[in-house]
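Peer 1: Sequence:
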Amino acid sequence: MSPVTVLGLGPMGQAMTRALLAAGHPVTVWNRTAGRADGVVADGATLAATPAAAVEASELVVLSLTDYGAMYDILGDAAGSLTGRTLVNLSSDTPDRTREASAWAAGHGATFLTGGVMVPAPMVGTEASYIYYSGPDEALERHRAALALLGAPKYLGDDPGLAQMMYQAQLALFLTTLSGLMHATAMLGSVGMKAQEVLPELLSLTDSVGAIVAAGEETPGAALDAGEHPGDLSTVTMMGATSDHIVETSASLGLDLALPEAVQAHYRRAIDDGHGGDNWTRIIDGIRAPRRRV
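Take the sequence shown: its position 12, counted from the start at 1, is 9 in the working numbering, and no numbers get skipped.
Derived by calculation from the structure, the hints in this document are not laboratory data. Mixed in with the good hints there might be a few duds.
What the hints assert, rightly or not - Quick list of simulated restraints, FRET-style, between CB atoms: (1) G104 to D35: 30 to 38 Å; (2) A31 to G154: 34 to 42 Å; (3) A183 to T91: 26 to 34 Å; (4) P23 to A220: 49 to 57 Å.
It should be emphasised that the depicted structure is a prediction, and the values quoted were computed from it without experimental measurement. Ideal Cβ positions, reconstructed from N, Cα and C, are used throughout, including at glycine.
Produce the complete structure using the sequences and hints provided.
Peer 2: Here you go:
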């Protein structure tokens, strides 16, 4: 049960600290607002007076911060203490910034792992929790036992940016789904239907989207990788017409059109490019190569 340091005690950092404590690891913590440590200290964590003292307490240092800029702010004065440590940054930022951070850590003698936590704080440490990692495989293996307490590790490769890329891709899907869910709820609310009445119906669709997309394809994504878009089921033209109807309905209800018009633009682009008879997946071409705005 090796010691672990956790920097950042928002809900996620607190949940990680408690998961490590519950397994018997000595945990040292630090947070800009020291009062946030009161709960985990009562549970057995040790509050360090400075970031340097927190780093020096453990070989494994887990960061749960707002972004990577916060890492530099916190560890800037503690850089001399990083030699020989493994920094596991579970904060959100861009893939490019994670690569820069990895080089920065290496310049101070530290090993750097990027991580993307794919569950909310209450699920950290449960069987449902999983975390994407990228960076040196040997660093993950050396600390796998401790990190697995936070969530099942899913390793993507040596490139430090890969875990953040997967994290951002997953959140792109998640946040778009949430916006779609609220837009649909607003549509139905405009005709007097309560959210508590309609959300169960809408959520049943979100639960089945994966099965709908994968239907009829043995290996989901194989056709996309092959550049194939057979139009025998849902064509661009058919889906584009549906997107037109959604925009018209939303406009008639006085709702914000940002989301439906963005979706509509994907299908109009594919139709303009002559792909109306292809499968709806053809819209990926326009997403990959957007036209410049005039």
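Peer 1: All hints are to be evaluated individually against the structure, with a verdict given for each.
Peer 2: A quick look at each hint next to the structure:
| no. | hint | verdict |
| --- | --- | --- |
| 1 | G104 to D35: 30 to 38 Å | 35 Å, holds |
| 2 | A31 to G154: 34 to 42 Å | 38 Å, holds |
| 3 | A183 to T91: 26 to 34 Å | 31 Å, holds |
| 4 | P23 to A220: 49 to 57 Å | 51 Å, holds |
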